[in-house]
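Place chain B on chain A using the hints.
Protein sequence lines correspond, in order, to chains A and B.
Take 1 as the starting number for the first sequence in this note's numbering and just add one per residue.
Take 544 as the starting number for the second sequence in this note's numbering and just add one per residue.
In short, the hints are calculated from the structure, not lab data.
Certain hints may be false.
Once the Cα atoms are required to be at most 30 Å apart in a straight line, the calculated DSS-like pairs of lysine-lysine come out as [as the list claims (entries may be wrong)]:
#1 B/606 <-> A/379
#2 B/660 <-> A/214
#3 A/530 <-> B/551
#4 A/65 <-> A/214
#5 B/660 <-> A/357
#6 B/606 <-> A/207
#7 A/206 <-> B/606
#8 A/207 <-> B/660
#9 A/65 <-> B/660
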Amino acid sequence: MLHFDRWKVVAILGTCLLGLLFALPNFFAKEQVTAWSGWLPKRQMPLGLDLRGGAHLLLGMDLVKLEKDWLLHLKEDARKPLREAKIGFSGVGVQGNEVQVRLVKPEETEQAYKELRKLIQPIGNAILGSSGSTLTVEKGNAPGLIVLKPTEQGLQARIASAITTSIETINRRINALGTAEATVVQQGRDRILIQYPGLTDTGPLKKLIGDTAKLAFHQVHPSVSAEEAKASRMPLGYRVYESGERDDARTPGGYVLSETPVVDGEDLVDAQPGFDQRTNEPIISFRFNQSGARKFGAFTKEHVGQPFAIVLDEKVISAPVIREAILGGTGQISGNFTVESANNLAIQLRSGALPAKLTIVEERTVGPSLGADSIESGKIAGLVGLSATAILTVLAYGTFGIYAVIGLLVHGLLIIALMSLIGTTLTLPGIAGFVLTIAMAVDANVLIYERIREELRAGRSPIAAIDAGFTRAFVTILDSQLTTLAAALIMFWLGSGPIRGFAVTLTLGIITSVFAAVTITRLLVSMWLKSAKGRSRSLDIPV
Amino acid sequence: MFLAPDFKGFDFFPHGTQLPFMRFKGLCFGLSLLFMALSLVIIGLKGFNFGVDFKGGSLVEVKARSGAADVAAMREKLSGLGLGDVQIQSFGTEEDALIRVEQQQGGEEEQQAALNKVVSALGEGYEQRRVEVVGPAVSSELRTTGLIAVLASILAIIVYVWFRFEWQFALGVVVALAHDVLVTAGVFSLFHLEFDLSTVAALLTILGYSVNDSVVVADRIRENLRKFKKMPINELLNLSINETLSRTILTGITTIAVLLALYFLGGAVIRNFVFAMLFGVIIGTYSSIFISAPILDYLGIKRDWVGEPAKTSPARSGA
Numbered sequence: 001m002l003h004f005d006r007w008k009v010v011a012i013l014g015t016c017l018l019g020l021l022f023a024l025p026n027f028f029a030k031e032q033v034t035a036w037s038g039w040l041p042k043r044q045m046p047l048g049l050d051l052r053g054g055a056h057l058l059l060g061m062d063l064v065k066l067e068k069d070w071l072l073h074l075k076e077d078a079r080k081p082l083r084e085a086k087i088g089f090s091g092v093g094v095q096g097n098e099v100q101v102r103l104v105k106p107e108e109t110e111q112a113y114k115e116l117r118k119l120i121q122p123i124g125n126a127i128l129g130s131s132g133s134t135l136t137v138e139k140g141n142a143p144g145l146i147v148l149k150p151t152e153q154g155l156q157a158r159i160a161s162a163i164t165t166s167i168e169t170i171n172r173r174i175n176a177l178g179t180a181e182a183t184v185v186q187q188g189r190d191r192i193l194i195q196y197p198g199l200t201d202t203g204p205l206k207k208l209i210g211d212t213a214k215l216a217f218h219q220v221h222p223s224v225s226a227e228e229a230k231a232s233r234m235p236l237g238y239r240v241y242e243s244g245e246r247d248d249a250r251t252p253g254g255y256v257l258s259e260t261p262v263v264d265g266e267d268l269v270d271a272q273p274g275f276d277q278r279t280n281e282p283i284i285s286f287r288f289n290q291s292g293a294r295k296f297g298a299f300t301k302e303h304v305g306q307p308f309a310i311v312l313d314e315k316v317i318s319a320p321v322i323r324e325a326i327l328g329g330t331g332q333i334s335g336n337f338t339v340e341s342a343n344n345l346a347i348q349l350r351s352g353a354l355p356a357k358l359t360i361v362e363e364r365t366v367g368p369s370l371g372a373d374s375i376e377s378g379k380i381a382g383l384v385g386l387s388a389t390a391i392l393t394v395l396a397y398g399t400f401g402i403y404a405v406i407g408l409l410v411h412g413l414l415i416i417a418l419m420s421l422i423g424t425t426l427t428l429p430g431i432a433g434f435v436l437t438i439a440m441a442v443d444a445n446v447l448i449y450e451r452i453r454e455e456l457r458a459g460r461s462p463i464a465a466i467d468a469g470f471t472r473a474f475v476t477i478l479d480s481q482l483t484t485l486a487a488a489l490i491m492f493w494l495g496s497g498p499i500r501g502f503a504v505t506l507t508l509g510i511i512t513s514v515f516a517a518v519t520i521t522r523l524l525v526s527m528w529l530k531s532a533k534g535r536s537r538s539l540d541i542p543v
Numbered sequence: 544m545f546l547a548p549d550f551k552g553f554d555f556f557p558h559g560t561q562l563p564f565m566r567f568k569g570l571c572f573g574l575s576l577l578f579m580a581l582s583l584v585i586i587g588l589k590g591f592n593f594g595v596d597f598k599g600g601s602l603v604e605v606k607a608r609s610g611a612a613d614v615a616a617m618r619e620k621l622s623g624l625g626l627g628d629v630q631i632q633s634f635g636t637e638e639d640a641l642i643r644v645e646q647q648q649g650g651e652e653e654q655q656a657a658l659n660k661v662v663s664a665l666g667e668g669y670e671q672r673r674v675e676v677v678g679p680a681v682s683s684e685l686r687t688t689g690l691i692a693v694l695a696s697i698l699a700i701i702v703y704v705w706f707r708f709e710w711q712f713a714l715g716v717v718v719a720l721a722h723d724v725l726v727t728a729g730v731f732s733l734f735h736l737e738f739d740l741s742t743v744a745a746l747l748t749i750l751g752y753s754v755n756d757s758v759v760v761a762d763r764i765r766e767n768l769r770k771f772k773k774m775p776i777n778e779l780l781n782l783s784i785n786e787t788l789s790r791t792i793l794t795g796i797t798t799i800a801v802l803l804a805l806y807f808l809g810g811a812v813i814r815n816f817v818f819a820m821l822f823g824v825i826i827g828t829y830s831s832i833f834i835s836a837p838i839l840d841y842l843g844i845k846r847d848w849v850g851e852p853a854k855t856s857p858a859r860s861g862a
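Here chain A stands alone, though its shape is the one from the complex (with noise of 0.2 Å):
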């Protein structure tokens, strides 16, 4: 157990070696690790958002309003092959979470059945290959009346890919605030996590994620009025739209516009504030690619004189007059826009419309001072913490506590070693569990040295004490570290945020402090025994 071979040595020398390298850089400040020469290690434990200040916003998916929108879009789908194959249809309308088609004559179900069946899509698996299809459609029980539904399956494809593609979009309007630095992930099922550095008012942030931003250029029913319609019948293919706050003429009832748009956020290439010539009034002026170009060129060449509205997030912004076919693709929006309100509104059309609206379910920001007074907190309790645990060891076994403080600055080093390598994040309570590994690291010390003395008081020769201090208590210590590991491992797994760097600190600080203890204080006990007996002095063990 005393005996070191000299690979062994060497071994145990270059792990402390290389963890004072791999520490180092978080000793210095940043700008002056930057300006250290090529080869040596520059990275530094990246801080937590407690430590150094920032935003951590959890959003949650409106599950209920995604599969709402899927059975309206899924409605509308419904129609388009049943009018290209000339198939009558008194009615198709969303019943609960499903869609049901009436025909005009039973006979045709059949074959409008087959027409439908076209929806179905398979839902694609890269492992299993398609594991299933988006929707079901059956034959209702009444004649004529066939009814699409979505499946299971389909809606968690569906929310997956709607997370997938905010976050996409969250990244594109967080990168136009101008900081790259912020991390945009999925966590859990439907949950997105937006981690902000140094973000201290959230204002901003949430209103530009706030708003799906689905913008709609639809036709306006040239004669019904909103009252009308409501009243009396509803022209086919046409709903009414609420107008929004930013609408100037704010017309009560609303407008009766097409129920499909003419042109959508999606053919949008670019989108900009800017002010009106004659009005100096904020304004987004936009670009339609090729396609919403055409199709909005021909539609203001067939309705000059007519009002067209612009749709943003199902309400009306405003509904202006039509002068003119407008052939260049280019337009502007004008409302009730202050040049921030433009500004975002800019931001989120040139990023894309999110999928589905999200909501702030969790929120943690702290301010930069708070920050750097934890850290420096941290640091003086910390040091304090070390120079008393360092004290009552050295007093309590004299030379062989001096071996013990070594291996304790050893295993405070490998910890900040590892935590830099693996770049895991240091957080407040991160700091309190790295305290804590200080105090439990000296347990494994107290063990093997009280076992020594245990042993020499049954009358041991000191080599022999030593020997069986270190082999026995070494049981002990695995034992007790083993069974603290599995309570940290647990707090990883189920942890979030700060009880993961907690876990994180006491997990590794568990395993640097038996290596500590166990490798490097014994190396030390075995090259004093070694001096002493060079010294040929009884050996007079000092613990």
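Same frame as chain A, but now just chain B:
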């Protein structure tokens, strides 16, 4: 000497103590049971002062830009907003204050609306140092995972101890752990201390520490069982506790020293967390001496260890 002059440490603790721990086991069990029962009653009556993590709602830590934070003025401003229960207290230093707003009826968006109202009511005189808003969905998830984490940890520890020792040890450790968690939770309820995610982390650490202590004693018991084949169990348990006592105390002292440093110097944000840990270390030390070991006397342990070699420890090669 190559690194330091040889000097002996002070042997702080008396050795060869024969403190009759086992004689007090009846009293200790009685007291522990009483404390556990009291904790349950207190928790039942007073409940927990759940933090934002578990209850939902918002928390804003503010610092006055000049002078002290005027808690009374803030209270007046914020109570008129119709946000239900709004608690304001000074926090750490006198410039700092902590504002808690209870969870709003409605849903996720209402919490954000409440936060906006608070922020605009406070005005420019205060800097926001920390904002936490937890909606109803997340808070209920956090409650569930918190509970699962504590239970799963206990389970993992039981399995490990059972695997490494006998079932009696595992049972002893479980009772001790349940005791530690329950009494710590009881103290949090009694003093109305905020119970949040970091408290759960503290509880889990306490579990780790307490079982660590229990395992050290159990290890010694196992060793002594082989060493002293004829000694009555009662006496053997007492001997094992006494033999490990100096280690138990010294480790306890270093841990407490470190925690005290964190408590007083580590800043207000983690003070609650450190308090839970401080209390837990003390109670964990107590339980490993007075519960998990003495209980073995009641459960009875066999001397014929299954599948263990007669040696006191496995031989290690290469070192």
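Now for the hints, and whether the structure bears them out:
1. B/606 <-> A/379: Holds - the C-alpha atoms of residue 379 of chain A and residue 606 of chain B are around 22 Å apart, at most 30 Å.
2. B/660 <-> A/214: 28 Å, holds
3. A/530 <-> B/551: At roughly 18 Å apart (the allowed maximum being 30 Å), residue 551 of chain B and residue 530 of chain A satisfy the hint.
4. A/65 <-> A/214: 14 Å, holds
5. B/660 <-> A/357: Cα-Cα ~22 Å, so holds.
6. B/606 <-> A/207: Holds, because 25 Å separates the two Cα atoms, which is no more than 30 Å.
7. A/206 <-> B/606: Holds, at about 23 Å.
8. A/207 <-> B/660: 16 Å, holds
9. A/65 <-> B/660: Roughly 27 Å between the alpha carbons, so the hint for residue 65 of chain A and residue 660 of chain B holds.
Hint violations for this structure: none, all hints satisfied.
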